[in-house]
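Enquirer: The numbering used here puts the last residue of the sequence shown at 76; the count rises by one with no breaks.
Worth flagging that the hints you see were computed from the coordinates, not collected in a lab. The C-beta atom is built at its ideal place from N, Cα and C for all residues, glycine as well. Wrong hints could be hidden among the right ones.
Claimed, not checked - Listed next, with one range per pair, are the computed distances between beta-carbon atoms:
{"hint": "1", "residue 1": "28", "residue 2": "61", "range": "17 to 23 Å"}
{"hint": "2", "residue 1": "42", "residue 2": "5", "range": "25 to 31 Å"}
{"hint": "3", "residue 1": "48", "residue 2": "68", "range": "29 to 35 Å"}
{"hint": "4", "residue 1": "34", "residue 2": "66", "range": "31 to 37 Å"}
{"hint": "5", "residue 1": "65", "residue 2": "23", "range": "19 to 25 Å"}
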Amino acid sequence: MEELVQFIAEALVEEPQAVRVYRKETRRTTILKLRVAPDDTGRVIGRNGRVANAMRTLLDVSTRQSDRDVILEID
2 MEELVQFIAE ALVEEPQAVR VYRKETRRTT ILKLRVAPDD TGRVIGRNGR
52 VANAMRTLLD VSTRQSDRDV ILEID
């Protein structure tokens, strides 16, 4: 999961070396926190949140068979 988010984010931003993905696990939930350079935040979120929603959809599809929920937070 982290690799997927990192791969997509690095392709979108101008400073790929600043992309960081942190993972936090709870009992039924995995929280992925994506950090990018301040100038790249808009690129990762996209107009009206379309890029962020597309990333969340891909995460949902990739984890559908597990019983865990995945939350993507963008900083």
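Enquirer: Let me make sure I understand: some of the numbered hints might not hold for this structure. Which ones are they, in numerical order?
Expert: Hints 2 and 4 are the ones this structure does not satisfy, whereas the remaining hints hold.
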